[in-house]
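J.: Sequence:
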Amino acid sequence: MSSAEETSGRSRSGGEGEEASRGEARRPAPSGTSRPDDPSGQAGAADVAGEDTDFTGGESLERGRVALQGLELLADDDLAQGLASWLDRLIDELAPEGDSLAVQLTDDPGMEELSETFRGRRASTDVLSFPGEKTPEGLHLGDVVICVPYAARQAEERGHGLDVEMQVLLLHGLLHCLGYDHESDSGEMERLEADLRARHVVADLARRSQPGQAPRGIPGDNEGDGAATARRTGRVALIGRPNAGKSTLMNRFLGEKLAIVSDKPQTTRQRLLGLLTTPRGQMIFLDTPGVHKPEHRLNRRMVKAATDALGEADVICLVVDASVRWGKGDEYLLELLRRVDRPKIAALNKVDAMRKSKLLELIDRLRREQGFEEFVPISALEGEATETLLELLWERLPVGPPEYAEDLLTTQSERFLVAERIREKILDQTRDELPFATAVSIDDWRDDEESDRLILQATIWVERPGQKKIIIGKGGQMIKQIGTAARLDLEEFLGRRVFLDLFVRQVDNWREDPRRLADLDRQNAFDLPS
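Counting in my numbering, the sequence shown runs from 1265 upward without gaps.
You may find that some hints are simply not true.
Okay, the calculated beta carbon distance ranges per label pair [what the hints assert, rightly or not]:
no., residue 1, residue 2, range
1, 1417, 1323, 16 to 24 Å
2, 1447, 1647, 32 to 40 Å
3, 1495, 1729, 53 to 61 Å
4, 1633, 1712, 51 to 59 Å
5, 1454, 1760, 53 to 61 Å
6, 1413, 1543, 32 to 40 Å
7, 1352, 1543, 21 to 29 Å
8, 1342, 1604, 49 to 57 Å
9, 1617, 1422, 32 to 40 Å
10, 1421, 1380, 23 to 31 Å
11, 1620, 1647, 16 to 24 Å
12, 1600, 1380, 50 to 58 Å
Derived DMTMM-like pairs: lysine to aspartate or glutamate, alpha-carbon spacing no greater than 20 Å straight-line [to be verified]:
no., residue 1, residue 2
13, 1732, 1716
14, 1620, 1646
15, 1622, 1648
16, 1592, 1625
If you're looking for bench data, these hints aren't it; they were derived computationally from the structure. C-beta atoms are modelled at their ideal positions from N, C-alpha and C, and glycine is treated no differently.
Put together the whole structure using the sequences plus the hints.
T.: Next comes the structure, spelled out in C-alpha cells:
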C-alpha cells in the first residue's frame, strides 16, 4: 500500500537575506608506394631526392595554404574551389605548422611521363606524392599530382562522384607528404586514413551510391551546391546509453542550456524537443532518455520514449561515450538501430578523455555495423568537432519549410523546464548520496505584484524515509542549499526575481504507481508516453 507524508522541513529561497590526433611530419626513405585500394597497384607516393619536382602548369587557384593547378582538367570551377577549401581545412587539422601544399592536376600522358621519370615505368596511375622540405619561407609540405581521367574512371567503377574520389586521393597524397608510409609503418597510415575518410569523406561515398539522391557538394562546403540553398527541416534523434552526453550535445547545438545535465546516469527522463532555426532551416532535436535495462514502470516509459523517437526521426545520431568500456547495453542499442532504416551518424563523445588507439578500436567496431554514414569524434562539453557534426546533420535533412515558429526554442512548458532545473540541483547537491528515486512537481506558480516576484511552490518526491532525510539534511541545511541554487538558476533562466518554496514528500514506490505517474504528468513534471 502506498503512503504519503509531507515533511515539516522546507526551504524558502527568496533572494534578499538568503545565504544562500595530429600526425607528426616524418620523412620516409625514398620510395614509391601503392595506395592499398588502387586496383592497378600503381598509385603511390614518391619521395625523390635530388630531382626537380617543380612540374606546375595550367590554370591555377590558391585557397589558404593550398595551390591547385591544372583546373582546366576538372571543367568545374565550383568543384575546384570546394576541393581546395576542403584540403585547406584538412591541413589545418593534420599539419598546423605546415606552410603550403601544391596540387597538380594532369592527364594520362602527363602522369605516364612523371611515372617513367620518378618510378622507372611508363604507366598512368591515380596519385603521386612528393614530400617537401623546410625552406626559408616555411615548411613546404610537398606536391601531390592527381591524374583526373584516371580518378574519373575509378569514381565510375566505385559508384560515387568525382569529387569524392578526388578527396580520397588528396587525403592519401597528403598523408604521404606528411611522412606516413603504409608499406613500412605497421598499419599506422591505414588506420589514420580510414579514420579521416570516415570523418571527412564517407558521407558522400554513401550518398552517391544511393539512387535518387540529389548531387551534393563537398562536405562542409556549400559552394556550387544548389540543394544547400533550399531550407531544410527535419528531426534528429539523439540516442545513446545513459550518461553518453546527449543533453550536453543538444545544449551545445542550441547555444544555450535547455536540457538539464548531470554526471549521473538517467538524468534525462523524457524526450525533450529542442529547436534550432537558422537561415538553413529548422533542425528539431529529440533528446531522449538513455537506453538501459528498465527496472521500474518509470524506466520502461523512459526507454519507450527513446525507442519511439527512432521511428519519428529523419536522421539518427548515436552518441557514444567513447571513454568507457563497450558493453552489452551498447550491443542492445545497436540491435535497436539495425531495425530502423534512417541515415545514421555515430558521434564518439568524450574523446578528450581517452587514448587515440582506443578511439580507433571503437571506430573499427562501429564500422563493422555497416549502417553508419559518418563517425565523428567529438567533445560535446568542450565543443570539439561539434560544428563538423552539425554540418553533417544539416546535409541529411529533407528540404522543407519549418514545422514550428522560428522564435521557439522548445515545445515544453515553462513549468516542466522549471521542475527539471530544480531536479538538476538535487542531483548536483546530493551527489552520490541519493539514488534516482526523486521527482519534482510544481504546485503553485503565481505573480506577486507587490514584491514583483514569481512565487513558486514545488514538491520533491522521494520513496523512502532515508531519502527524505538526505534531502532535508542536518538542521534543514541540504534543502536550503538546493533551494538557493535552484532559485539563482531559475532567476537567470526566467529573467526575473523568484521566491521558491520547496517541500519534501515521501511516496512509497511512486516509480511503480501508475496513479502517481499520472499525477506528475498532469502537473507537467513529465510528459511521458502512456
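J.: If a hint holds in the structure, say so; if it does not, say that too.
T.: Each hint, compared with the structure:
no.: 1; hint: 1417 with 1323: 16 to 24 Å; result: 22 Å, holds
no.: 2; hint: 1447 with 1647: 32 to 40 Å; result: 38 Å, holds
no.: 3; hint: 1495 with 1729: 53 to 61 Å; result: 55 Å, holds
no.: 4; hint: 1633 with 1712: 51 to 59 Å; result: 56 Å, holds
no.: 5; hint: 1454 with 1760: 53 to 61 Å; result: 58 Å, holds
no.: 6; hint: 1413 with 1543: 32 to 40 Å; result: 39 Å, holds
no.: 7; hint: 1352 with 1543: 21 to 29 Å; result: 24 Å, holds
no.: 8; hint: 1342 with 1604: 49 to 57 Å; result: 34 Å, violated
no.: 9; hint: 1617 with 1422: 32 to 40 Å; result: 37 Å, holds
no.: 10; hint: 1421 with 1380: 23 to 31 Å; result: 25 Å, holds
no.: 11; hint: 1620 with 1647: 16 to 24 Å; result: 20 Å, holds
no.: 12; hint: 1600 with 1380: 50 to 58 Å; result: 56 Å, holds
no.: 13; hint: 1732 with 1716; result: 32 Å, violated
no.: 14; hint: 1620 with 1646; result: 17 Å, holds
no.: 15; hint: 1622 with 1648; result: 18 Å, holds
no.: 16; hint: 1592 with 1625; result: 17 Å, holds
Checked against the numbered hints listed earlier, the structure breaks hints 8, 13; every other hint is satisfied.
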